[in-house]
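Peer 1: Heads up: the sequence lines are chains A and B, in that order.
Using our numbering, the first residue of the first sequence is number 1, and each one after it goes up by one.
Using our numbering, the first residue of the second sequence is number 335, and each one after it goes up by one.
One thing to keep in mind: the hints can contain errors.
Far from chain B by the CB rule (all over 12 Å, computed), these chain A residues [what the hints assert, rightly or not]:
1. Asp208
2. Met262
3. Glu287
Covered, in the sense of this in silico footprint (three residues per stretch, anywhere, with C-beta under 8 Å from a C-beta of chain B), are these stretches of chain A [stated by the list, open to error]:
4. 38–48
5. 59–70
6. 86–94
Just so you know, these hints were derived from the structure itself, not from any lab.
Quick reminder that beta carbons are idealized off the backbone N, C-alpha and C, glycines included.
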Amino acid sequence: MLTLAIETSCDETSVAVLRDGREVLSNIISSQIEIHRKFGGVVPEVASRKHIESINQIVQESLDAANVKFDDIDLIGVTQGPGLVGALLIGISTAKAIAYGLELPIVGVNHIEGHVCANYIEHKGLEPPFTGLIVAGCHTYLVQVKGYTEYEIIGRTRDDAAGEAFDKVARALGLPYPGGPVIDKLSQKGDKEAIAFPRVMLEPKSYDFSFSGLKTAVLNYLNQAKQKGDEIIIEDVAASFQQAVLDVLVEKSFRLAKESKMDKIVLAGGVAANQGLRNMMEQRGLEEGIKIFYPSKILCTDNAAMIGSAAYYNYRAGKVDDLYLNVVPNLGFN
Amino acid sequence: MKILALDTSTMMASCAVMDENKVLGEYSLNQEATHSEKLVPMIKEILDSLNLKVKDIDVYGVALGPGSFTGLRIGVSTVKTMAHLFDKPVVGVSTLEALAYNLPFNEIVVPMIDARRERVYTGIYTWKNGKLNTLMKPDVLNIRDLLEILKSYENVVVNGDGVKLHEDLIKDALQHKVQISTMGNGYCRATSIGEITYIKYKLGETMNYYTLVPEYLRESQAQRDLKEKE
Ligand SMILES: [Zn+2]
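Work out the full structure, taking the sequences as your base and the hints as a guide.
Peer 2: Put into structure tokens, the structure is as follows:
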């Protein structure tokens, strides 16, 4: 079964072709990052305009790269949400036109679920159940993945998502957008114990996250240092901040996995590309006898292949949408 | 030769199927923010009624704007992709020109599309020997500034969703010199897009589905702010 998938939830226009849920024949990603950098973040109207300019070219490139034609496609998958409404609309309008024109089934996909499914593409033998840590730009979730389309949300962020905290701290440090990769890089050169930022664990039993206190602590530290005229070592601030985020993510993930006797933890989302997080998870995994999975960096970013994988598994589970399918910009996870 | 024409520039979503100069069907819905949900089902409904499929369409016509940015993108994406599927030509049509096509009379025709905050997208048109002539190119103007300009004309006909919004202002400013369109000709209609599409198609004025984009007439707020800073 060949799936054509479209992802336009934020600032990446992406189209992929997959055989079944795991074999990627093509995964074209056109990033708008350079355009949004001069605004210091993603501008929704600019993103929507860019998506419509390139979407059909990306569709064709993806078909060509997969060496298939429209006629060969069996299923259409598309991101339904969460994301920017105007950006999502381009993907969904395009997907619906294809599905109707070619009389194909269409499946609207939750973007967050897509991030988890990126791991099925990367690790051919990976099967549920497992504990999943999803850390992306605007979402942080700790979930038990019980089946290909069966998720139980155990923890979520109560305020800022981890990725959001990275972006805000990066901005305060005068670093370019997007902040995550830059902080990750600087951290490798800094002292992660230089500054004692708080680790917000919330209630003892809670699996929820809260990163806004940490963000504020970093901003306060920077302001005070400036007022006192102290030297700010950006690498140390980055490393200490990142470590504070990772300590919480790693601690809660392992606590959940052990409590539920899971032997696998799967990382997903943009922050799963963070080298510090990967290293720390693998180190702890070795100590605890838990296997760690994460997608390659390109599959951590927003891409259509992961949407295609999720669409395939949902279709197999009997989920099909009709032509009234619409975007849901603040689509929740379960 | 079958033409599928769409207009989603305003709250009115309209689609029509024409066979050269014959209207086979038109379907319009005036509902808040439902274009994304209903446009494709609307197209399916009209094509099903006519026993047609997407692959039977030879030429596509679509309103490029001005109008609601989001609405335009829904219509343009849908048309681009349907044309892409079977490699068919697309014709982009000005929404204002299409509105002026609803009123083929000898007066000065002024379509107005709501652009929010007391502004309208507008242009000034007139018919001569069966042809539409542009006296003022599409622009976004404060309604009062537009009415100042229109005071210099004797017989003005207005239509578009901006008219209802500013009806009192228009009547006050232009008095007996203005006629307001009947309701049926007051809104964007896909049959007007289709008619212009056929004319442009015969003239060879088709566009590529890869590069077709809406004509917003305005840059995004962020882009304007950035320019101001520079
Ligand atoms: Zn994402």
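Peer 1: Give a verdict on every hint.
Peer 2: Now for the hints, and whether the structure bears them out:
| no. | hint | in the structure |
| --- | --- | --- |
| 1 | Asp208 | 33 Å, holds |
| 2 | Met262 | 39 Å, holds |
| 3 | Glu287 | 48 Å, holds |
| 4 | 38–48 | holds (count 6) |
| 5 | 59–70 | holds (count 3) |
| 6 | 86–94 | holds (count 6) |
No hint from the list above goes unmet by this structure.
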